[in-house]
Structure formats: C-alpha cells, structure tokens
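J.: Here are the chains, one letter per residue:
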Amino acid sequence: MTWVNVVTQGILLGGLYALFATGLSLMFGVMRLVNLAHGDLSIVAAFLALAIVDGTGLNPLWTLLVVVPAMAGLGYLLQRGLLNFALRGDDPLPPVLVTFGLSIILQNLLLEVFSADSQGLDAGRVENASVRLSDGLAVGWFPLLTLVTAVAVLTGLQLLLSRTQLGRSFRATSDDPEAASLVGLDHRHVFAMATAIALATVAVAGLFLGVRTTFTPSIGPTRLIFAFEAVIIGGLGSIWGTLAGGLVLGVAQALGAQFSPGWGVLAGHLVFLAVLAFRPTGLLGRKVPA
Amino acid sequence: MPLLEVDRLASFYGDFQALFDVTLAVDEGETVAVIGANGAGKSTLLRTVAGLQDRATGTVAFDGRPLDGVPTHRRLGLGIAMVPEGRRIFPSLTVEENLKVGVVRGRPGRWDLASVLELFGALADKRGRPGSLLSGGEQQMLAIGRALMANPRLLLLDEVSLGLAPLVVRRIYETLPEICGAGATVVVVEQDVGQALAGADRVYCLLEGRVALHGRPADLTREQITDAYFGLGGPGGSSLAPRSNP
Numbered sequence: 001m002t003w004v005n006v007v008t009q010g011i012l013l014g015g016l017y018a019l020f021a022t023g024l025s026l027m028f029g030v031m032r033l034v035n036l037a038h039g040d041l042s043i044v045a046a047f048l049a050l051a052i053v054d055g056t057g058l059n060p061l062w063t064l065l066v067v068v069p070a071m072a073g074l075g076y077l078l079q080r081g082l083l084n085f086a087l088r089g090d091d092p093l094p095p096v097l098v099t100f101g102l103s104i105i106l107q108n109l110l111l112e113v114f115s116a117d118s119q120g121l122d123a124g125r126v127e128n129a130s131v132r133l134s135d136g137l138a139v140g141w142f143p144l145l146t147l148v149t150a151v152a153v154l155t156g157l158q159l160l161l162s163r164t165q166l167g168r169s170f171r172a173t174s175d176d177p178e179a180a181s182l183v184g185l186d187h188r189h190v191f192a193m194a195t196a197i198a199l200a201t202v203a204v205a206g207l208f209l210g211v212r213t214t215f216t217p218s219i220g221p222t223r224l225i226f227a228f229e230a231v232i233i234g235g236l237g238s239i240w241g242t243l244a245g246g247l248v249l250g251v252a253q254a255l256g257a258q259f260s261p262g263w264g265v266l267a268g269h270l271v272f273l274a275v276l277a278f279r280p281t282g283l284l285g286r287k288v289p290a
Numbered sequence: 001m002p003l004l005e006v007d008r009l010a011s012f013y014g015d016f017q018a019l020f021d022v023t024l025a026v027d028e029g030e031t032v033a034v035i036g037a038n039g040a041g042k043s044t045l046l047r048t049v050a051g052l053q054d055r056a057t058g059t060v061a062f063d064g065r066p067l068d069g070v071p072t073h074r075r076l077g078l079g080i081a082m083v084p085e086g087r088r089i090f091p092s093l094t095v096e097e098n099l100k101v102g103v104v105r106g107r108p109g110r111w112d113l114a115s116v117l118e119l120f121g122a123l124a125d126k127r128g129r130p131g132s133l134l135s136g137g138e139q140q141m142l143a144i145g146r147a148l149m150a151n152p153r154l155l156l157l158d159e160v161s162l163g164l165a166p167l168v169v170r171r172i173y174e175t176l177p178e179i180c181g182a183g184a185t186v187v188v189v190e191q192d193v194g195q196a197l198a199g200a201d202r203v204y205c206l207l208e209g210r211v212a213l214h215g216r217p218a219d220l221t222r223e224q225i226t227d228a229y230f231g232l233g234g235p236g237g238s239s240l241a242p243r244s245n246p
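Chains as they are written, first to last, in this note's numbering: chain A, 1 to 290; chain B, 1 to 246.
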C-alpha cells in the first residue's frame with residue numbers, strides 16, 4: 001500500500017511539473033527558444049498574486065483572474081520588445097544569453113521589492129483538506145486540483161494547436177517562418193502570441209507552486225530545471241509528452257524520496273539522464289524531426 | 001500604369017551580387033515569363049518582389065506604390081502572392097490547413113477553399129492528409145492553391161516544373177488560364193523554356209543577373225533566345241535586347 005501511495009503522490013506532484021513544463025514546451029516548439037527565465041517568470045507571477053492577496057485579502061486562487069491576463073500581456077510585450085530581436089539570425093546563442101540575463105534581472109528585482117524572505121500563498125481550507133481513498137491512501141484536494149488543472153491546460157493547448165487559426169499559424173511558423181510570411185503571417189506577432197499563452201500557463205504554475213509550498217525570489221532556476229527535465233523526458237514538441245514527462249519526473253522524485261529523503265531530486269535527475277542516454281527523443285517525441 | 005514596375009534593381013546575398021540593374025514592367029492581366037540558366041537571378045528577382053530579400057537597391061513599385069520597407073506578410077495583403085521554389089508546404093499541417101492558414105490577410109474574391117479544391121481536384125480527396133505526404137505534383141498544386149487563397153492581383157510562380165513529370169507540369173500549366181481569367185497577373189520563373197514561351201504574353205531572359213533579352217515570344221527567334229540564355233552573343237549578351245516596346 002505504501003508504494004501505491006508513493007506513486008499516487010508522485011503523479012500528483014507531476015501535475016505541477018507538467019504545468020511548469022507547458023509554457024517552456026510551447027515556446028520551444030513554436031520558435032526554438034529555450035527560455036532560461038521561465039522559472040523566474042513563474043515566481044514573478046507568484047509574487048504578483050502575493051501582492052494582490054496582501055492588498056485585497058482575496059483567496060489566491062481568485063487572483064488568477066488578474067495574474068493570468070497580466071502575465072500574458074507581459075509575455076506579448078517581452079517577445080515584441082526583446083526576445084524577437086534576440087531571435088534574429090541563425091545564431092542560437094543570443095536568445096540563451098538574453099533570457100539568462102533576464103533571469104538574473106528578475107531575481108534581483110524581486111529581491112529589491114519583496115526581500116529574500118520566504119513567502120507563501122494561503123488558499124485556506126482547500127490547501128490541507130484531503131479525501132481518503134482507502135486505508136493508507138489519501139489524496140489532497142489541492143494536489144488533485146493541480147493535476148486536473150494541468151490536464152485541462154494541456155488539453156486546451158492541444159485543442160488550440162489543432163483546431164484554431166492561431167494554432168495553425170503557430171505550426172506553420174514553426175515549420176517554415178519564411179513560407180509563413182508568404183501566406184501573410186507576421187512571425188513577430190505569432191511568436192508574441194505564443195509567448196503570451198506560454199506565460200499565461202506559467203502564471204497558473206507559479207500560483208499553484210506558491211500555494212503548495214513557500215517561495216523566495218531565488219528559486220526560479222530550480223523550477224526551470226524541473227520543467228526542462230519534464231519536457232525532455234516527455235519528448236520535445238509533444239503536448240501529451242509534456243504531461244507524461246511531468247508525471248514521470250514526479251513519480252521518480254517521490255520514489256527516490258521514499259528510499260531516502262535526500263534522493264528525491266537525485267532520482268528525478270537520474271531518470272532524466274537515462275532518457276537522454278537511451279531515448280533522446282523522449283517518451284512521446286517525434287522519431288524524425290519534421 | 002503597369003501593375004508591377006521594377007526599376008534598376010540590384011540584389012545581394014552578403015557580398016555576392018545576384019541582380020544588376022534589372023528593369024522590367026508587368027501590366028495588369030499579363031502573363032510574363034522570366035527565363036534563364038541556373039544562377040541567372042530569376043528566383044532572386046521574385047524573392048525581391050515578394051519582400052524576402054532585404055539586401056536590395058533600386059525600386060519595386062506595385063500599383064504605383066513603392067514597396068520599400070513593406071514586409072512580406074503585408075505585401076500579401078496588397079495583393080502579391082508567391083509560390084516559392086521547392087513549394088515549401090507546411091509539413092505538420094494537413095492539406096486543408098495549408099490552404100486555410102493564409103486566409104487571415106487575404107483579399108476577398110474568386111478563390112476560397114471550395115473553389116481551390118475544385119480547381120485542383122486531386123487535393124480534394126486528400127484534404128485531411130499531412131501536406132508532407134503528398135506527391136511532388138500535388139504539393140505544387142497545394143502551393144499554388146495556398147497562394148490563390150489570398151486572391152492575389154499578382155501571382156509569382158517560382159520554378160513550377162522543377163522535379164515534376166512532364167505530364168504533371170502540363171496539367172498544372174493548364175490551370176493558368178483559369179487563374180488569369182479570375183483576374184490575376186502572373187509572373188512565372190521557369191527553366192523549361194518551351195513551357196515558359198508557350199503560356200506567356202511576354203518573356204524576359206536573365207543572364208548573370210542582368211536582363212539579356214525581352215519581348216513577345218512570337219517576335220523572338222530561337223537563336224536570339226539561345227544566345228541570351230547561354231550568353232553567346234558577346235559580352236554580357238545585353239546587345240541582343242531588341243529595342244521594341246515592352
């Protein structure tokens with residue numbers, strides 16, 4: 001029963017990782033940009049929610065209504081004002097350097113404004129309430145909500161990509177930006193829309209993280225690593241792969257931690273390395289890049 | 001006033017100059033062929049008109065309006081559509097999605113999903129398939145259809161026959177009169193001189209980035225064309241250009 005419990009808790013934790021990985025996966029898929037400031041942006045969202053909660057006393061989950069559009073808007077402006085310029089030319093280095101710099105700037109800005117104190121978002125009763133499934137197996141409502149949200153966000157993204165004009169323009173621009181311009185798509189706008197959606201999912205991830213655990217201005221890079229591992233394990237360019245990658249990472253960490261509390265993160269890294277070594281395209285990644 | 005007016009155009013790839021002083025004009029409703037050997041600058045000419053070539057000097061004017069600084073995606077809105085060399089189908093989009101992806105900026109008119117699929121019947125049965133799984137000829141049809149969806153006033157066709165069987169090429173060229181009849185002015189770049197001359201009102205021959213010859217196919221002899229094509233008529237071959245009105 002212990003193992004069933006461990007795996008269950010791992011899957012629920014994996015929901016959060018999948019939520020984190022979604023935006024990273026989308027941005028890489030559309031514009032081949034690895035956003036090193038991804039984790040820090042999620043922490044920005046968490047602090048934004050914290051500021052609203054402190055000011056109004058609302059439940060942090062309600063602040064999603066403000067934080068998600070705000071982060072989406074920030075994403076659009078960030079892409080149009082900065083990242084599009086870093087993506088000019090074929091050199092892969094400028095986007096990496098620019099987002100690395102952005103990561104450092106964001107951490108220090110948060111430090112200036114909010115200090116280095118650990119903060120948390122208090123979502124009230126839902127945070128600790130759980131449902132008992134059987135002897136020795138209980139599931140927390142909040143982790144369950146996180147997983148359900150992750151599945152909903154990824155399903156929504158999949159539908160957007162496959163059914164809408166915006167999704168078509170993402171795929172077309174990803175395939176061939178020059179041919180996309182010939183059919184009237186402005187890649188600068190298409191990229192900015194992708195980043196806006198990516199940061200909207202990042203906002204959800206950051207807020208759920210803030211409710212689940214405490215956060216400080218400097219923990220962004222750790223979230224980035226977990227998101228990055230989830231994307232690689234699942235397979236680049238695959239939406240369901242991102243979900244699978246998050247779940248595998250969550251289960252690996254939970255199992256590792258069961259053996260010894262210090263092994264949780266290590267076990268996640270080992271699974272990540274094993275995937276890179278034996279199945280570099282990821283669990284659900286495309287065999288041949290199109 | 002010509003629909004497309006190219007004046008003393010020069011175009012560069014880095015330090016390499018691909019076009020020198022190219023001047024040409026295309027009237028509304030005409031079909032103009034641009035021929036020339038490999039590397040003569042034909043594709044560069046079309047790419048510059050479409051706005052894909054940012055290192056260029058001289059002027060390109062469309063409907064009397066200079067296109068300096070107008071990006072490619074806006075030129076489509078003005079009515080310039082291009083079928084690029086190599087077809088450049090979006091592999092992760094289905095046939096239908098390839099056609100629909102471009103309709104945002106297009107102009108209203110004769111062509112829509114239904115009429116394009118009717119023009120290219122071979123695509124209608126495969127509309128749910130990924131574009132990458134089509135045959136070369138079908139991909140070419142899809143590329144032309146994708147450009148038509150914007151209802152262009154000027155359609156630029158780059159190397160339509162490249163790598164296709166003669167029968168397929170003929171079938172594709174048979175659709176040109178219908179496309180022109182729907183109001184499009186067409187500029188075709190071709191290596192297949194016979195094909196180009198058969199369908200065109202006028203022809204320009206490029207040689208090493210310069211216009212070596214232009215005129216109506218009926219007014220040009222085979223020798224003139226061969227000389228201009230291969231540059232056999234003396235330095236640069238430009239002396240061969242007839243002084244007749246374009």
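Derived by calculation from the structure, the hints in this document are not laboratory data. Think of the CB as a built atom: it goes at the ideal place given N, C-alpha and C, for glycine as much as any other residue. Among the clues, some could well be false.
In the EDC-like style, the derived pairs of lysine to aspartate or glutamate whose C-alpha atoms are separated by at most 20 Å in a straight line are [stated by the list, open to error]: (1) B/Lys100 with A/Asp117; (2) B/Lys126 with B/Asp112; (3) B/Lys100 with A/Glu127; (4) B/Lys100 with A/Glu178; (5) B/Lys100 with B/Glu118; (6) B/Lys100 with A/Asp186; (7) B/Lys100 with B/Asp125; (8) B/Lys100 with B/Asp63.
Listed next, with one range per pair, are the computed distances between beta-carbon atoms [unchecked claim]: (9) A/Asn128 with B/Gly128: 45 to 55 Å; (10) B/Asp54 with A/Phe100: 44 to 54 Å; (11) A/Asp91 with B/Glu208: 30 to 40 Å.
Beyond 12 Å from chain B on every Cβ pair, some chain A residues (computed) [stated by the list, open to error]: (12) Val7; (13) Leu109; (14) Phe142; (15) Ser181; (16) His189; (17) Gly264.
J.: Each hint should be assessed against the structure and marked as holding or not.
T.: Now for the hints, and whether the structure bears them out:
For the given pair, B/Lys100 sits about 52 Å from A/Asp117 by alpha-carbon distance, which is inconsistent with the 20 Å threshold. A distance of roughly 17 Å separates the Cα atoms of B/Lys126 and B/Asp112; the hinted pair therefore holds under the 20 Å criterion. Of the supplied pair hints, the one linking B/Lys100 and A/Glu127 is violated, its CA atoms being roughly 46 Å apart against a limit of 20 Å. Only pairs whose Cα atoms come within 20 Å are accepted, and B/Lys100 paired with A/Glu178 is accepted, the gap being roughly 17 Å.
With a CA separation close to 15 Å, the supplied pair B/Lys100 and B/Glu118 stays within the 20 Å bound. Under the criterion of a C-alpha separation no larger than 20 Å, the hint pairing B/Lys100 with A/Asp186 is consistent with the structure, at around 16 Å. Among the hinted pairs, B/Lys100 with B/Asp125 is consistent with the structure: their alpha-carbon atoms are about 16 Å apart, no more than 20 Å. Only pairs whose Cα atoms come within 20 Å are accepted, and B/Lys100 paired with B/Asp63 is rejected, the gap being roughly 27 Å.
At about 49 Å, the CB distance of A/Asn128 to B/Gly128 agrees with the hint of 45 to 55 Å. In this structure the hint that B/Asp54 and A/Phe100 lie 44 to 54 Å apart at CB is violated, the actual value being about 29 Å. A/Asp91 and B/Glu208 have their C-beta atoms about 32 Å apart, which keeps the hinted 30 to 40 Å range intact. In this structure A/Val7 is separated from chain B by more than 12 Å, as the shortest Cβ-Cβ distance comes to about 34 Å.
Against the 12 Å criterion, A/Leu109 stays outside the reach of chain B, whose nearest CB is about 34 Å from its own CB. Its beta-carbon lying about 37 Å from the closest one in chain B, A/Phe142 satisfies the requirement of being farther than 12 Å from that chain. For A/Ser181, the non-interface assignment is contradicted: its Cβ lies about 4 Å from the closest Cβ of chain B, within the 12 Å cut-off. Residue-level check failed: A/His189 sits 9 Å from the nearest beta carbon of chain B, not beyond 12 Å.
At the 12 Å boundary, the C-beta of A/Gly264 stays outside the reach of chain B, the nearest C-beta of that chain being 37 Å off.
Hints 1, 3, 8, 10, 15 and 16 from the list above are not met by this structure, while the remaining hints are.
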